[in-house]
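**Q** Could you build the full structure based on these sequences and the hints that come with them?
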Amino acid sequence: MRWLASERVFRLIPFVLVEALFVVAILVPFALTIWISLLKWRANRPFETARFSGLENYEAVLSSDQFWLALGRTFYFAGVAVAIELVVGFMLAMLVSRCTRSRKLYTTVFLIPMMIVPIVVGYNFSMIYVDSGPLNQLLAPFLDRLGIDPRIRWLSHPVAAQWAIIIADVWQWTSLTFLIFLSGFAALPPQLINAARVMGATPWQIFWRIELPLLKPAIVIAIIIRSMEALKLFDPVVLLTFGGPGTSTQTVAYFLWEQVWVFNKFSFGAAASILLLIIFSLLIFMGVYMLVSHRRAVEGATS
Amino acid sequence: MAGIAIKSLVKTFGSYTAVDGISLDVRDGEFLIMVGPSGCGKTTTLNMISGLETPTSGEIVIGGRVVNDLEPGERGLGMVFQDLALFPHMTVFENIAFGLRVRKMPAAAIAERVMEAAEAMHIKPLLTKLPKQCSGGESQRVALARTIVTNPAVFLMDEPLSSLDAKLRVDMRTELKRLHERLRATFIYVTHDQAEAMTMADRIVVMSKGRIEQLGTPLEIYNRPATQFVAGFFGTPTMNFLEGSVIAGPDGPRFRGAGLEQPLPASLSRNSEGRPVVLGVRSEHVVISEAAALPGTARLLEPLGDATLVHFDAGEGKSLVAKVAPSTALAPGAPLKFGFAAEHCHLFDAATGLRHS
Amino acid sequence: MSRPPDTGTSLAAEAARARKRRRERSRRVTRHALLIAWTGFIAFPIFWMISTSFKDAGEWVAWPPHWLPHAPTLHNYAQIFAFGALDPTLSRQATEQAFTIWKGLGDAVLVCTSASLFALLLGTFLAYAISRFNVGGKYFRHTILMIRMIPPIVVAISILIYYAIIVPYVTSALFGVRISLFDTYVGLVLIYTVTTLPFVIWMMLTFIDEVPYTLEHAARLMGAGRVTVIRRVVLPLVASGMVVTFLFVFILNWAEFLLALTLTHPEVTTLTVLLNKFQSASEGRLYGPQAAIGTVVTIPVVILGLLIQKHLVKGFSFGTIRK
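In order, the protein sequences belong to chains A, B and C.
Residue numbering for the first sequence follows the working numbering, starting at 9 and increasing by one per position.
Residue numbering for the second sequence follows the working numbering, starting at 137 and increasing by one per position.
Residue numbering for the third sequence follows the working numbering, starting at 876 and increasing by one per position.
Be aware that a few hints might be false.
Lysine to aspartate or glutamate pairs mimicking EDC-like chemistry, simulated, CA-CA at most 20 Å apart [what the hints assert, rightly or not]:
1) K273(A) x E67(A)
2) K978(C) x E1142(C)
3) K268(B) x E1085(C)
4) K1013(C) x E27(A)
5) K303(B) x D329(B)
6) K1013(C) x E67(A)
7) K1185(C) x E1085(C)
8) K143(B) x D164(B)
9) K268(B) x E230(B)
10) K1152(C) x E266(A)
11) K240(B) x E934(C)
12) K265(B) x D219(B)
13) K268(B) x E1091(C)
14) K313(B) x E332(B)
Listing some non-contacts, in silico: residues in chain B with all C-beta distances to chain C over 10 Å [unchecked claim]:
15) S186
16) G385
17) A402
18) A443
A few chain C residues facing chain B, derived, Cβ under 8 Å [claimed, not checked]:
19) L985
20) P1087
21) R1095
22) L1096
23) G1098
24) T1103
25) S1115
26) G1116
It is worth saying that the hints were derived from the structure and are not from the lab.
Quick caveat: nothing in here was measured; it's all calculated off a predicted structure.
Ideal Cβ positions, reconstructed from N, Cα and C, are used throughout, including at glycine.
**A** What follows is the structure, given as structure tokens:
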């Protein structure tokens, strides 16, 4: 095939194919979701009985306490979990990067949690939290002294259940922040640090004034990536707590799932998902804006 | 073996003109070097000859055929790239054989041709190795072997030596000349290094900003540069330039400027009178001796071993460089006398840069 | 850190050096202690799961809990790997219908492999176009990943409506036959392909970008057409990249839960959904078989993950490494 003609083929066909796929599999469903969200319809009645009802469903979602609670809870979970993951991941990366011989070994081991299927993680922790589980066994000496029956059903207490989810998330995803920071530490140019040492700086000064600023891009990236994923929290909630006890561990993703798959409130769910999409898009734009202005500031400073 | 004719070749990228209408005749079997600073359009021109870029307008004729519509693989060319472009996942043998395999040559014939080429480039022991196992010079020769194995009429080379260290570069220059001698093929070679151009070319094309500044043999280019640009591009250290104008003197035209006066060759035509000009004189033609006419003050001496460069002030703040015998004894700050002969003066129009003769 | 004293007496210098050595050693010990503590924290749940998978029913929720099974058994594994109908006495609750792993395993392998392959082929094709021709404009390669920003639950709801309602509606209107994509292999593979395509494009882009275009120029000059060039020059050089990408995407699909839960079952049941079924099916959880399934699900992923670990480390640096 002649080169230039082939260029046209190779250029257009994949583009068209992929775009078509996205349109068919993403755009069209979205358009339909918006349409459905404007109808009043429960799935146990046939589709044909649905009536147009405008923004009624949106009002219902926005006025639903449960929705806002779930949303707030999701931010709470994400915030706490990500904060812990950042700090722990940072410290682990710092410690590991100072090791010489065992670095590879620790890195390999620390990466394993990230590779475990999330649902399995949820299951593992459910075993640990059970009333006759090892967690209670470890705490038994302390609890006995306080006169409390050590066979605590952690997942039956709202606050404890929330922390159970947070800990499961931390267990799995600290690996990712660890990975990002490890690369960041590995990328620190040794000449800069050596120059500082020659000029007489203490390790603390070097860390605070040189290493930390150089690691800022890594920190920003870790925050953005982890926050985005943490806000979608779903798998551990399903396996560990079912959103319970009551609704105390419902994340917004779980809430939506429940509405559609358990209660079959399709239109409500459609409206809620559109609203969620809008909220997420706003967050993303904010994040991208911050990232771009941060980068511009850095480039401006160094130009 | 074929000659190449380029007729009014133009290449634009959007609003940017890379090549602005150049016409050139490359003689069959000659070693032509296109030289110029980066961005002058030499690589783009080469890419149009090879077919990797399509001209916006103009014609390319190879061996009498207009090749504009032909695929690069159909033009009977061989090309060596700046980064050599050896296929890293194939052995040296496979690299060399690639062009023949694509043309569906039978395996026995391929083996024979590859062996011949490897023999010619002295790389037979490397045939089973991978490119990353070869040194810089060896990789160069593999790239050359890959080109000669298809017996092209024309060889195109895009700065092939720029990635080598200085010593290797000099060695490869000789190899390339020898190869050219043997094959008697047309070589078109692109470089930004004027020393390379001077030592290797039969003829040189000097390009700047998409245009041809001058086409000629190395000596022509050096001794009679057609523009100020060409004059300044060739020769180390750079030619000395003085601004001024031409006045009519008692025994012929004279140059006045930069606080001095200098007689010019009598053959200079009258149209240069009265216009702002630039006088050029090469550092090896600047004479420093007590018998010279013009005064100056030495500033810096750079001993090269076989000569010494004297940077000195020539009045009105103008700074010149003279290349003198190594035994010349001068101290920074010492006064000196300098001069140069009329026939060593080059005169260029201040506005157009063209030579006045 | 105090500077070592000037060479006064050599004795003082010697003492200072010894102090420094001790300080460094204690620092090293602390460092390793902390790291090992974290290793313990990581290892514990995994260890517990593997241990439980070898426990007999009586030991699952024994108090105090048995760290290692007192009477290790392969019962759980036998149960999940059994063929055909099951002996009801094998399960803890006689009324409970125990599940075997075969359906989940088979479906997961089928869906994950096909979705990953489709995504790989399509994505590599597009990545080549983006790398060589700048298809889609300057920022396309950055916006491609934006698709992943959509919360999966939103995708699930939209796709559910699409697969279960709209598609049957349309096909019955056009062809007179109600074809639903809900709970079908095609449906799940389709959505998995679409959601992992951005990753494939992003990863293959980095690999294809590393192949210099001059190689293709050189091949073209020697008379090769573009198809030959891609086949002989580009593909061999990105082959290992394709393997890594395939494995990465395979792992993503393998671990995927939300979409599988919402869009399939029981016709199509992936392993993640199967595991969850054990959970929700009964009050008395079948911890043993669950642990066994968990172990079986986890091991291939960990092995694959370790294989591509080097590339993960490189890929997740996100440009924090400046060249």
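**Q** Please go over all the hints and tell whether each is borne out by the structure.
**A** Consistency of the hints with the structure:
With a C-alpha separation of about 14 Å, the suggested pairing of K273(A) with E67(A) holds against the 20 Å cut-off. Annotation: proposed proximity of K978(C) to E1142(C) holds, straight-line Cα distance about 9 Å (limit 20 Å). Distance restraint check for K268(B) and E1085(C): the Cα-Cα separation of roughly 16 Å lies within the 20 Å cut-off, and the hinted pair is therefore satisfied. For the hint linking K1013(C) to E27(A), the alpha-carbon distance of about 17 Å falls within 20 Å, and the restraint holds.
Taken as a hint, the K303(B) and D329(B) pair is honoured in the structure, with Cα atoms around 15 Å apart against an allowance of 20 Å. Only pairs whose Cα atoms come within 20 Å are accepted, and K1013(C) paired with E67(A) is rejected, the gap being roughly 40 Å. As the CA atoms of K1185(C) and E1085(C) are separated by approximately 17 Å, the hinted pair is consistent with the 20 Å bound. For the suggested pair K143(B) and D164(B), the alpha carbons sit about 16 Å apart, so the restraint of at most 20 Å is met.
For the proposed pair K268(B) and E230(B), the alpha carbon gap of about 14 Å is at most 20 Å, so the pair holds. Proposed proximity of K1152(C) and E266(A) is supported: the alpha carbons are some 16 Å apart, at most 20 Å. For a cut-off of 20 Å, the pair hint linking K240(B) to E934(C) is broken: about 71 Å separates their Cα positions. Distance hint between K265(B) and D219(B) is fulfilled; the C-alpha atoms sit about 19 Å from each other, no more than 20 Å.
A threshold of 20 Å between alpha carbons decides the hint, and for K268(B) with E1091(C) the separation of about 18 Å falls inside it, so the pair holds. As the CA atoms of K313(B) and E332(B) are separated by approximately 11 Å, the hinted pair is consistent with the 20 Å bound. A Cβ of chain C approaches the Cβ of S186(B) within 10 Å, the least distance being about 6 Å, so the stated non-interface status is violated. No Cβ of chain C comes within 10 Å of the Cβ of G385(B); the nearest lies about 58 Å off, and the non-interface call holds.
With a minimum CB-CB distance of about 54 Å to chain C, A402(B) clears the 10 Å threshold, and the non-interface call stands. For A443(B), the requirement that its beta carbon stay farther than 10 Å from each beta carbon of chain C is met, with the minimum near 41 Å. The closest approach between the C-beta of L985(C) and any C-beta of chain B is roughly 33 Å, which is over the 8 Å cut-off, so the hint fails. This hint holds: P1087(C) has a C-beta 6 Å from the nearest C-beta of chain B, less than the 8 Å allowed.
Evaluation of the R1095(C) hint against chain B yields a held restraint, the C-beta minimum of about 5 Å falling below 8 Å. A hinted interface residue such as L1096(C) counts as satisfied when its beta carbon comes closer than 8 Å to some beta carbon of chain B; here the least separation is about 5 Å, so the hint holds. At its closest, the beta carbon of G1098(C) sits 3 Å from a beta carbon of chain B; the interface hint therefore holds under the 8 Å criterion. At about 6 Å, the closest approach between the beta carbon of T1103(C) and any beta carbon in chain B falls short of 8 Å, and the interface hint on this residue holds.
Checking S1115(C) against chain B: minimum C-beta separation of about 10 Å lies over 8 Å; hint violated. Proximity of G1116(C) to chain B is violated relative to the hint, the smallest CB-CB distance being about 13 Å (cut-off 8 Å).
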